[in-house]
Amino acid sequence: DGGITQSPKYLFRKEGQNVTLSCEQNLNHDAMYWYRQDPGQGLRLIYYSQIVNDFQKGDIAEGYSVSREKKESFPLTVTSAQKNPTAFYLCATSVRGSGELFFGEGSRLTVL
Amino acid sequence: DAKTTQPPSMDCAEGRAANLPCNHSTISGNEYVYWYRQIHSQGPQYIIHGLKNNETNEMASLIITEDRKSSTLILPHATLRDTAVYYCIVRVAGNYGGSQGNLIFGKGTKLSVKP
Numbered sequence: 005d006g007g008i009t010q011s012p013k014y015l016f017r018k019e020g021q022n023v024t025l026s027c028e029q030n031l032n033h034d035a036m037y038w039y040r041q042d043p044g045q046g047l048r049l050i051y052y053s054q055i056v057n058d059f060q061k062g063d064i065a066e067g068y069s070v071s072r073e074k075k076e077s078f079p080l081t082v083t084s085a086q087k088n089p090t091a092f093y094l095c096a097t098s099v100r101g102s103g104e105l106f107f108g109e110g111s112r113l114t115v116l
Numbered sequence: 008d009a010k011t012t013q014p015p016s017m018d019c020a021e022g023r024a025a026n027l028p029c030n031h032s033t034i035s036g037n038e039y040v041y042w043y044r045q046i047h048s049q050g051p052q053y054i055i056h057g058l059k060n061n062e063t064n065e066m067a068s069l070i071i072t073e074d075r076k077s078s079t080l081i082l083p084h085a086t087l088r089d090t091a092v093y094y095c096i097v098r099v100a101g102n103y104g105g106s107q108g109n110l111i112f113g114k115g116t117k118l119s120v121k122p
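Line by line, the protein sequences give chains A and B.
Residue 66 in this note's numbering sits at position 62 of the first sequence; the count goes up by one each step and never skips.
Residue 111 in this note's numbering sits at position 104 of the second sequence; the count goes up by one each step and never skips.
Be careful, since some hints might not be right.
With a straight-line cut-off of 30 Å between C-alpha atoms, the simulated DSS-like cross-links for lysine-lysine are [said to hold, decoys possible]:
| id | chain 1 | residue 1 | chain 2 | residue 2 |
| --- | --- | --- | --- | --- |
| 1 | A | K87 | B | K114 |
| 2 | B | K10 | B | K76 |
| 3 | B | K117 | A | K13 |
| 4 | A | K87 | B | K117 |
| 5 | B | K114 | A | K13 |
Hints listed in this document are in silico derivations from the structure and should not be mistaken for laboratory results.
Isolated chain A, as found in the complex (with noise of 0.2 Å):
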């Protein structure tokens, strides 16, 4: 199936874990983005990539951390300096410089 797979779909962490996220996607998509969703909220951006080797700061990337070794893979680590883990992460991929984004399913992280 094409498309873009983010496990695991549920997780549960003590607090002052790290925590990491994985966004596999096969649409041979450039860009790739990580986004938060916190309940009744918006979508905020956390970090995206254009392309290989590179990515940048979105808006709220305090506490996260990312690598984009290859094309496929962008995966999210959640530090314990992010002060509310708890939420909604979802990954998106796009053609470099378009606006359609393709979103996966989205994890859902809980701190205890």
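Knowing the structure of chain A, use the given hints to seat chain B on it.
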């Protein structure tokens, strides 16, 4: 900050047209209007976008006023499956790597289609 203003919620009867308004009074000449929707607990889905002409695809129609300060998304025959949050976004076209090209999602309009 989001550059668009949308009503927080709207209702529509099943089978009728749903008309979702959006104000973008500060839109620049090189900014497109994009619409996405998000069904509960899923990732957003692209619907349509336009610059100044009206656009139509298999999902919806987009009507942009002549001064481009507002637009309306039209779902011609709403079904229960169209119940979702609809986001109106303005974006600079073709921005490669710059932050201006990133999509800013506000709170959108929660559309409830009722039987």
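Here is how each hint holds up against the structure:
no. : hint           : verdict
1   : A:K87 x B:K114 : holds (22 Å)
2   : B:K10 x B:K76  : holds (11 Å)
3   : B:K117 x A:K13 : holds (24 Å)
4   : A:K87 x B:K117 : holds (29 Å)
5   : B:K114 x A:K13 : holds (23 Å)
In terms of the numbered hints stated before, the structure departs from none.
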